[in-house]
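Top line first, the protein sequences correspond to chains R and P.
Going by numbering that gives the first Met the number 0, the first residue of the first sequence is number 0, and it counts up by one from there.
Going by numbering that gives the first Met the number 0, the first residue of the second sequence is number 0, and it counts up by one from there.
Since the hints were made in silico from the structure, they are not lab data.
One should not assume that every hint holds.
In the SDA-like style, the derived pairs of lysine to any residue whose C-alpha atoms are separated by at most 25 Å in a straight line are [unchecked claim]:
hint, chain 1, residue 1, chain 2, residue 2
1, P, K269, P, V19
2, P, K166, R, I256
3, P, K166, R, S258
4, P, K321, R, Q106
5, P, K166, R, R249
6, P, K166, R, Q251
7, P, K321, R, L169
8, P, K166, R, V261
9, P, K348, R, L169
10, P, K321, P, G275
11, P, K269, P, V57
12, P, K166, R, F260
13, P, K321, P, L45
14, P, K139, R, V271
15, P, K321, R, S210
16, P, K166, P, T107
17, P, K348, P, V19
18, P, K166, R, L255
19, P, K166, P, D274
20, P, K321, R, S112
21, P, K321, P, T34
22, P, K348, R, L80
23, P, K348, P, T107
If you want a taste of the chain R side facing chain P, the calculated C-beta under 7 Å gives, among others [stated by the list, open to error]:
hint, residue
24, C78
25, T89
26, F103
For clarity, every value in this text was computed on a predicted model and none was experimentally measured.
Just so you know, even glycine gets a beta-carbon here, dropped at the ideal spot from N, CA and C.
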Amino acid sequence: MTLLLFLAQTIRIAIPYLFAAAGGALAERAGIVSLSLEGFMLGGAFGAVIGAYYTGSAWIGVVAGLFAGLLLAGLHAVCTLRLKADQIVTGVAINLFTVGITRFLLQLAFDSSSNSPRVAGFGGDNIGGALALVSNPLVWLGLATMPALAFVVYRTTFGLRVRAVGEHPLAAASLGVPVNRVRWVAVLGSGALAALGGTYLALDQHQFTDSMTAGRGFIALAAVIFGRWDPVRAGLACLLFAGAETLQIRLQAAQLIPSQFVAMIPYVLTIVAVAGVVGRSVPPAALGRTTD
Amino acid sequence: MSMTPARRAALEEALLPPIVALALVLVAGDVLILTYGEAPGAVWRLMLEGTWGNAYGVGQVLYKATTLACTGLAVAVALRAGLFNIGAEGQLAAGGFGAAFAGLALPTGTPSIIGIVICIAAAMLFGGAAGAVPGVLRAKFGAHEVIVTIMMNFIVLALLNYVIAAKLHVPETLHTPAIHTGSIARIGDSIGAFHGSAVNWSVVVVSAAVAAVSWYLFRTRGGFELRAVGLQPGAAEYGGVNVSRTWMRALALSGAIAGLGGVNFVLGYKGYYEDGFAGGAGFLGIAVALVGRNHPLGVVVAALFFATLSQGGLAINAMVPKQIVEVLQGLVILAVAASVPEVRRLVLKAAGTRRAAPVSPKPMSGSDAEAPR
Numbered sequence: 000m001t002l003l004l005f006l007a008q009t010i011r012i013a014i015p016y017l018f019a020a021a022g023g024a025l026a027e028r029a030g031i032v033s034l035s036l037e038g039f040m041l042g043g044a045f046g047a048v049i050g051a052y053y054t055g056s057a058w059i060g061v062v063a064g065l066f067a068g069l070l071l072a073g074l075h076a077v078c079t080l081r082l083k084a085d086q087i088v089t090g091v092a093i094n095l096f097t098v099g100i101t102r103f104l105l106q107l108a109f110d111s112s113s114n115s116p117r118v119a120g121f122g123g124d125n126i127g128g129a130l131a132l133v134s135n136p137l138v139w140l141g142l143a144t145m146p147a148l149a150f151v152v153y154r155t156t157f158g159l160r161v162r163a164v165g166e167h168p169l170a171a172a173s174l175g176v177p178v179n180r181v182r183w184v185a186v187l188g189s190g191a192l193a194a195l196g197g198t199y200l201a202l203d204q205h206q207f208t209d210s211m212t213a214g215r216g217f218i219a220l221a222a223v224i225f226g227r228w229d230p231v232r233a234g235l236a237c238l239l240f241a242g243a244e245t246l247q248i249r250l251q252a253a254q255l256i257p258s259q260f261v262a263m264i265p266y267v268l269t270i271v272a273v274a275g276v277v278g279r280s281v282p283p284a285a286l287g288r289t290t291d
Numbered sequence: 000m001s002m003t004p005a006r007r008a009a010l011e012e013a014l015l016p017p018i019v020a021l022a023l024v025l026v027a028g029d030v031l032i033l034t035y036g037e038a039p040g041a042v043w044r045l046m047l048e049g050t051w052g053n054a055y056g057v058g059q060v061l062y063k064a065t066t067l068a069c070t071g072l073a074v075a076v077a078l079r080a081g082l083f084n085i086g087a088e089g090q091l092a093a094g095g096f097g098a099a100f101a102g103l104a105l106p107t108g109t110p111s112i113i114g115i116v117i118c119i120a121a122a123m124l125f126g127g128a129a130g131a132v133p134g135v136l137r138a139k140f141g142a143h144e145v146i147v148t149i150m151m152n153f154i155v156l157a158l159l160n161y162v163i164a165a166k167l168h169v170p171e172t173l174h175t176p177a178i179h180t181g182s183i184a185r186i187g188d189s190i191g192a193f194h195g196s197a198v199n200w201s202v203v204v205v206s207a208a209v210a211a212v213s214w215y216l217f218r219t220r221g222g223f224e225l226r227a228v229g230l231q232p233g234a235a236e237y238g239g240v241n242v243s244r245t246w247m248r249a250l251a252l253s254g255a256i257a258g259l260g261g262v263n264f265v266l267g268y269k270g271y272y273e274d275g276f277a278g279g280a281g282f283l284g285i286a287v288a289l290v291g292r293n294h295p296l297g298v299v300v301a302a303l304f305f306a307t308l309s310q311g312g313l314a315i316n317a318m319v320p321k322q323i324v325e326v327l328q329g330l331v332i333l334a335v336a337a338s339v340p341e342v343r344r345l346v347l348k349a350a351g352t353r354r355a356a357p358v359s360p361k362p363m364s365g366s367d368a369e370a371p372r
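Based on the sequences and whatever the hints tell you, model everything.
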């Protein structure tokens, strides 16, 4: 029973990571640096709450969350792909912009600087624990995302093109692959996926709170890098990071390890991975470069 | 004014993106203000009056600009070496902690000038150490500094949070006890007009640091090597420069400069280290470096600009939510980042028709320099 609770809590924490990491893996495999996952998630969370609040429907919340993610990803794509802005700077700017615009709109819509009113979510209010988890369609979608992404990346023509433009855009272009169009789709897809992560978070908590993603986008990015840009490995990394968090919450009363050290685990593992101490983590060759 | 075409092109390239950004700020700001149902003219006037309109406002802007100049300069120095330091946030916090740590460790009777020097050195040492980690990992293991500096932010902040929460805090707070020595006086104590504002004599220390970095970058062999590595690591290596060592030096220096920024808050304003005091100033440093075009002087101007926006947000909060300036700051970065390549292309084209020497490109990131055009 304890094991089941542990598993349920791990999955509950992992779902936002899984969505966002899938988005990160998709964009980075296409050669676009994903520093803005955090912003896409936060935008998705806010959009979802706005949609659910004004219609009373969680599903419309999902659609609105997706829409917000696509808008932000579109802004990212226009800057980096159309105007050739630096991808890292753009990613940082999107994050700052999203924190600001969600705060501004929170003030405008709900006259609050901290949180929105309560909104609808999935599953009834009176069920809790593992049952709330299995009755939430976003949980199933989240668990299916990484295998689905692995299939798309490794088994479809589009996936082959994504990998080609991420590794060698000039070669891909010479074979007639529309490099920029493939990257556009990848960036928009990453915005939509990360926004779903934020949507899950907001609907699970039944409200939007200021900066509620709290660095989850960066943990997702860490999972992508630690998983060596492979969807399945990145998904397992998400579960690993979420498992560590769950363990920390469960052991909090015992005070074996300070929570801050558990919080560091994803970041330390990622540094170890890129430093190549245990099996080198190598990014897609054309990551961060924009081609005409 | 007579000017060679190449100089003119370089000047245009540096000045046009910020002008584009400023225009965008005004337009986007108008839209946001109108959305909230206020008159843009009145809000902008309030912002100017609350910042440059009185000595208190000027003092607050200078205080905020002091920290931003450090984080901006930190990012700029690393970029000059072709490295992207996204870790200024953690380095700034580490520097502030270092200053407070030294100020607590020194005995109470330490002469204040010695205390100040030691505390400043500790700030730079702690920040430099946080910057040296990605430098060493880049030089020795080829670990990409963007990834390592991002991850280091979270590690440093979590570590400091642990030290404060578990070991060093005043009960019921998340800050250390007041330092025994090393306090830097506020300017308001000696110049009455600034009374009440947070600006302190750190602004002089930081100005001296900006001048020193400028001299280092453009007048010394080490600075020349650093810039050479940033422009063309392969050519620099061929020319006898130790690229790995230059990378390590650049990131350690970058971290030390960011750490120096912590002096402003800890020694000059509060007299203690407080968890979370960096509050995004490290990330804003990226914007400051970008708008300042990686030049020490440009960084100072950009720091003043962003400090004005952020102080201005507080000034206009009575009429419109101060969050408007956070939106505008994000948009400024996007506008500058997006207009830099386009402006460069147009300027190069114009310079070409004037038969001038091409403008030397200043890469924003290491990988960008090798990008196929």
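Comparing the hints with the structure gives:
Proposed proximity of K269(P) and V19(P) is contradicted: the alpha carbons are some 37 Å apart, above 25 Å. With a C-alpha separation of about 15 Å, the suggested pairing of K166(P) with I256(R) holds against the 25 Å cut-off. Annotation: proposed proximity of K166(P) to S258(R) holds, straight-line Cα distance about 14 Å (limit 25 Å). Taken as a hint, the K321(P) and Q106(R) pair is honoured in the structure, with Cα atoms around 10 Å apart against an allowance of 25 Å.
The suggested pairing of K166(P) with R249(R) holds, with an alpha-carbon distance near 23 Å, which does not exceed 25 Å. Between K166(P) and Q251(R), the direct Cα distance comes to roughly 18 Å. Compliance with the 25 Å bound is thereby established for this hinted pair. Distance restraint check for K321(P) and L169(R): the Cα-Cα separation of roughly 46 Å exceeds the 25 Å cut-off, and the hinted pair is therefore not satisfied. The hinted pair formed by K166(P) and V261(R) meets the criterion: a straight-line CA distance of about 18 Å does not exceed 25 Å.
This hinted pair checks out: K348(P) and L169(R) have alpha carbons roughly 24 Å apart, not beyond 25 Å. Note on K321(P) and G275(P): the hinted pairing holds, with a Cα-Cα distance of about 20 Å set against a maximum of 25 Å. For a cut-off of 25 Å, the pair hint linking K269(P) to V57(P) stands: about 19 Å separates their Cα positions. Restraint check for K166(P) and F260(R): the C-alpha separation of about 15 Å stays at or below 25 Å, so the hint holds.
Restraint check for K321(P) and L45(P): the C-alpha separation of about 12 Å stays at or below 25 Å, so the hint holds. Between the alpha carbons of K139(P) and V271(R) the distance comes to roughly 13 Å, so the proposed pair stays at or under 25 Å and holds. For a cut-off of 25 Å, the pair hint linking K321(P) to S210(R) stands: about 16 Å separates their Cα positions. A distance of roughly 20 Å separates the Cα atoms of K166(P) and T107(P); the hinted pair therefore holds under the 25 Å criterion.
For a cut-off of 25 Å, the pair hint linking K348(P) to V19(P) stands: about 19 Å separates their Cα positions. At most 25 Å may separate the alpha-carbon atoms for a hinted pair to count; K166(P) and L255(R) meet this at roughly 16 Å. The suggested pairing of K166(P) with D274(P) holds, with an alpha-carbon distance near 13 Å, which does not exceed 25 Å. Between the alpha carbons of K321(P) and S112(R) the distance comes to roughly 10 Å, so the proposed pair stays at or under 25 Å and holds.
For the hint pairing K321(P) with T34(P), the CA-to-CA distance comes to about 14 Å; that is within 25 Å, so the pair holds. Taken as a hint, the K348(P) and L80(R) pair is honoured in the structure, with Cα atoms around 21 Å apart against an allowance of 25 Å. A distance of roughly 63 Å separates the Cα atoms of K348(P) and T107(P); the hinted pair therefore is violated under the 25 Å criterion. Interface restraint check for C78(R): the shortest CB-CB distance to chain P comes to about 5 Å, inside 7 Å, so the restraint holds.
The criterion of a C-beta within 7 Å of any C-beta in chain P is met by T89(R), whose closest approach is roughly 6 Å, and the hint holds. Here the hint on F103(R) is kept, as its CB sits about 4 Å from the closest CB of chain P, short of 7 Å.
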